[in-house]
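Student: So the protein lines, in turn, are chains A and B.
Going letter by letter, the first sequence gives residues 249 to 439 in this note's numbering.
Going letter by letter, the second sequence gives residues 113 to 470 in this note's numbering.
One should not assume that every hint holds.
[What the hints assert, rightly or not] List of simulated lysine to aspartate or glutamate pairs, DMTMM-like, C-alpha gap at most 25 Å:
id: 1; chain 1: B; residue 1: Lys325; chain 2: B; residue 2: Asp275
id: 2; chain 1: A; residue 1: Lys379; chain 2: A; residue 2: Asp351
id: 3; chain 1: A; residue 1: Lys379; chain 2: A; residue 2: Asp427
id: 4; chain 1: A; residue 1: Lys435; chain 2: B; residue 2: Asp357
id: 5; chain 1: A; residue 1: Lys435; chain 2: B; residue 2: Glu404
id: 6; chain 1: A; residue 1: Lys379; chain 2: A; residue 2: Glu356
id: 7; chain 1: B; residue 1: Lys309; chain 2: B; residue 2: Asp322
id: 8; chain 1: B; residue 1: Lys321; chain 2: B; residue 2: Asp368
id: 9; chain 1: A; residue 1: Lys435; chain 2: B; residue 2: Glu351
id: 10; chain 1: B; residue 1: Lys325; chain 2: B; residue 2: Asp368
id: 11; chain 1: B; residue 1: Lys325; chain 2: B; residue 2: Asp380
id: 12; chain 1: A; residue 1: Lys379; chain 2: B; residue 2: Glu160
id: 13; chain 1: A; residue 1: Lys379; chain 2: A; residue 2: Asp264
id: 14; chain 1: B; residue 1: Lys309; chain 2: B; residue 2: Glu404
id: 15; chain 1: A; residue 1: Lys435; chain 2: B; residue 2: Asp275
id: 16; chain 1: B; residue 1: Lys321; chain 2: B; residue 2: Glu272
id: 17; chain 1: A; residue 1: Lys379; chain 2: A; residue 2: Glu366
id: 18; chain 1: A; residue 1: Lys435; chain 2: B; residue 2: Glu344
id: 19; chain 1: A; residue 1: Lys435; chain 2: B; residue 2: Asp149
id: 20; chain 1: A; residue 1: Lys435; chain 2: B; residue 2: Asp300
id: 21; chain 1: B; residue 1: Lys325; chain 2: B; residue 2: Glu268
id: 22; chain 1: A; residue 1: Lys435; chain 2: B; residue 2: Glu150
Treat the hints as calculated values from the structure; they're not laboratory data.
Quantities reported herein were computed from a predicted structural model and do not represent experimental measurements.
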Amino acid sequence: MAVVDGDLVLAERSTDDTMRHAEVIGEMIAGVLEESGVAASGIDAVVTGLGPGPFTGLRVGIAAARAFAWGIGRPLIPMVSHDAVALDEWSAGLRGPLLVVTDARRREVYWSSYDLDEEGIARSDGPALCKPDEVPYPEFERIDATQVSAGALGRLATLRGGAAAVPEFTEPLYLRSPDVTVPGARKRVTP
Amino acid sequence: MTDGPVVLGIETSCDETGIGIVRGSTLLANVIASSMDEHARYGGVVPEVAARAHLEALTPTLDAALAEAGLTIGEIDAIAVTSGPGLAGALMVGVGAAKALSIATGTPLYAVNHLVGHVGADVLAAESLEYPTIALLVSGGHTSLLLVRDLTGDVELLGETIDDAAGEAFDKVARVLGLPYPGGPQIDRAAIGGDPKAIHFPRGLMQAKDAEKHRYDFSFSGLKTAVARWVERAGDAGEQIPVADVAASFREAVVDVLLTKAFRACADFGIPRLLLGGGVVANARVREVAAERAAAQGVTLRIPPLSLCTDNGAMIAALGAQLIAAGHGPSGLGFGADSTLPVTEIQVDRATYYDLDD
Ligand SMILES: [Zn+2]
Chain A
249 MAVVDGDLVL
259 AERSTDDTMR
269 HAEVIGEMIA
279 GVLEESGVAA
289 SGIDAVVTGL
299 GPGPFTGLRV
309 GIAAARAFAW
319 GIGRPLIPMV
329 SHDAVALDEW
339 SAGLRGPLLV
349 VTDARRREVY
359 WSSYDLDEEG
369 IARSDGPALC
379 KPDEVPYPEF
389 ERIDATQVSA
399 GALGRLATLR
409 GGAAAVPEFT
419 EPLYLRSPDV
429 TVPGARKRVT
439 P
Chain B
113 MTDGPVVLGI
123 ETSCDETGIG
133 IVRGSTLLAN
143 VIASSMDEHA
153 RYGGVVPEVA
163 ARAHLEALTP
173 TLDAALAEAG
183 LTIGEIDAIA
193 VTSGPGLAGA
203 LMVGVGAAKA
213 LSIATGTPLY
223 AVNHLVGHVG
233 ADVLAAESLE
243 YPTIALLVSG
253 GHTSLLLVRD
263 LTGDVELLGE
273 TIDDAAGEAF
283 DKVARVLGLP
293 YPGGPQIDRA
303 AIGGDPKAIH
313 FPRGLMQAKD
323 AEKHRYDFSF
333 SGLKTAVARW
343 VERAGDAGEQ
353 IPVADVAASF
363 REAVVDVLLT
373 KAFRACADFG
383 IPRLLLGGGV
393 VANARVREVA
403 AERAAAQGVT
413 LRIPPLSLCT
423 DNGAMIAALG
433 AQLIAAGHGP
443 SGLGFGADST
453 LPVTEIQVDR
463 ATYYDLDD
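Same shape as in the complex, but just chain A:
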């Protein structure tokens, strides 16, 4: 969670707690607003990472972002979360091909590949889901990220033209179907 003004991150908070998304999200929003000294009505747009990421937490974040944007009557800018990781690497001086990998649980990972040059970052492939030993582009510089910086997400949205840019995706990047099976024939209760 972050409040960003142009390329400047005014306040940023994050948590490692992957079990309590619904509990912590309100205090995080209120916290970064207070720390940045920006009122809710002073926010021009809301940037949200669409993932890829595990469902429950991802959904709480997007729900809060959509509701906040709706509440202040300002645009929502949806972004691919891995792009923020790539931007952080770019800002740290990395150039060349990059592979961003994050945990997808159930012994799978999400990945996206990028080209980092003097101009900035460009996603070349992904986001996608695969088994850890099937991750492509082994020759690329690889970053296994455990956190996505909300500040970087906000900076990137500004770099890409803010709300004027046409979003690449608008729905959550679950990349996995719900875990259900269509029931077969009913089982008998008598032998």
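Following the hints, complete the assembly by docking chain B with the ligand onto the known chain A.
Tutor: Just chain B with the ligand now, kept in the frame of chain A:
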């Protein structure tokens, strides 16, 4: 038009995204987006499918509710949201959205109990509900019998299902009879012309030995199995299945247990008032038998309109408005989704500093 705060209610505990708006005890909007059709091919609510659908429906439903009420977001005085009980992942969508919306608009937030919300729906009806009252709440997700002494301050759980919810039993028996999901309306239709006394199916937790420990509890798992066994036996014997009789007899067993226990509570506690809520109230036979027994026992029966009986946001908003009227302060920002929230917790995470001047 009554006075009172304009409250927006958000309900996402199961498969309906409900947004409602009330002013005091006046209903201004009640918009529901249901993901029921998406669950039909799985024969029951799939939590992940429901949670995904809530997120998709969220802002369109908010827009529709404001439009229906003829209000702008700036005219909302408070927000109420279901904190539980319900499906955790589904609840979290509503909780996350409600917190963000509360901060975005600078309006107080009330985290409330879904089951008590079902009782709260009745305040939107024409004349006001008297307390104490017994409340029977029956749906695909819950089967609960409550003693409500005070909507905003004193709700007691008398009993609940120890296995399947009544609505689930309808779904499962519909499947036994080869009927589609959801089972409630299908069984109701199939039972037309059937004899409710044709087959005597077992009544769960109704024997003398259950009168103490499970006096107000329900069990529908044995009934469901008994119906399946009966249908299989008839099929094995090469008999034509009398679907109307099976459906009518099964439904009669469910209705009988539900209402016997509800009216027993009215008698035990000397409370001549019974409120019905939850989607199963849509069942014609439930309403019919309830009306008969209420008349015979001198009990005043309350059944809110069906659109307020099934899960909806208006009942959550109505409960929020009642909490405000009772002088409750808002909830903090730290509450979560509690899938097993007890009915005694009418409001969750109520700011403690408000308690001082009660
Ligand atoms: Zn319900």
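Student: Against this structure, judge whether each hint is valid.
Tutor: Verification of the hints:
Of the supplied pair hints, the one linking B/Lys325 and B/Asp275 holds, its CA atoms being roughly 15 Å apart against a limit of 25 Å. Our distance criterion of 25 Å between C-alpha atoms is met by A/Lys379 and A/Asp351, whose separation comes to about 10 Å. For the proposed pair A/Lys379 and A/Asp427, the alpha carbon gap of about 17 Å is at most 25 Å, so the pair holds. Straight-line distance between C-alpha atoms of A/Lys435 and B/Asp357 comes to about 22 Å, which keeps the hinted pair within the 25 Å bound.
In summary, the hint linking A/Lys435 to B/Glu404 is not supported, as the alpha carbons are separated by about 38 Å, beyond the 25 Å threshold. A threshold of 25 Å between alpha carbons decides the hint, and for A/Lys379 with A/Glu356 the separation of about 5 Å falls inside it, so the pair holds. With a CA separation close to 24 Å, the supplied pair B/Lys309 and B/Asp322 stays within the 25 Å bound. For a cut-off of 25 Å, the pair hint linking B/Lys321 to B/Asp368 stands: about 18 Å separates their Cα positions.
With a C-alpha separation of about 20 Å, the suggested pairing of A/Lys435 with B/Glu351 holds against the 25 Å cut-off. For the hint linking B/Lys325 to B/Asp368, the alpha-carbon distance of about 19 Å falls within 25 Å, and the restraint holds. Proximity of B/Lys325 to B/Asp380 is assessed by CA-CA distance (about 15 Å); at most 25 Å being required, the pair is judged to hold. The straight-line distance between the Cα atoms of A/Lys379 and B/Glu160 is roughly 22 Å, inside the 25 Å bound, and the hint therefore holds.
Of the pairs offered as hints, the one joining A/Lys379 and A/Asp264 holds, with about 23 Å between alpha carbons and a cut-off of 25 Å not exceeded. Proximity of B/Lys309 to B/Glu404 is assessed by CA-CA distance (about 17 Å); at most 25 Å being required, the pair is judged to hold. Proposed proximity of A/Lys435 and B/Asp275 is supported: the alpha carbons are some 19 Å apart, at most 25 Å. For a cut-off of 25 Å, the pair hint linking B/Lys321 to B/Glu272 stands: about 17 Å separates their Cα positions.
For a cut-off of 25 Å, the pair hint linking A/Lys379 to A/Glu366 is broken: about 32 Å separates their Cα positions. A distance of roughly 11 Å separates the Cα atoms of A/Lys435 and B/Glu344; the hinted pair therefore holds under the 25 Å criterion. A threshold of 25 Å between alpha carbons decides the hint, and for A/Lys435 with B/Asp149 the separation of about 24 Å falls inside it, so the pair holds. With a C-alpha separation of about 24 Å, the suggested pairing of A/Lys435 with B/Asp300 holds against the 25 Å cut-off.
Annotation: proposed proximity of B/Lys325 to B/Glu268 holds, straight-line Cα distance about 16 Å (limit 25 Å). About 23 Å separates the Cα atoms of A/Lys435 and B/Glu150, which keeps this hinted pair within 25 Å; it holds.
Checked against the numbered hints listed earlier, the structure breaks hints 5 and 17; every other hint is satisfied.
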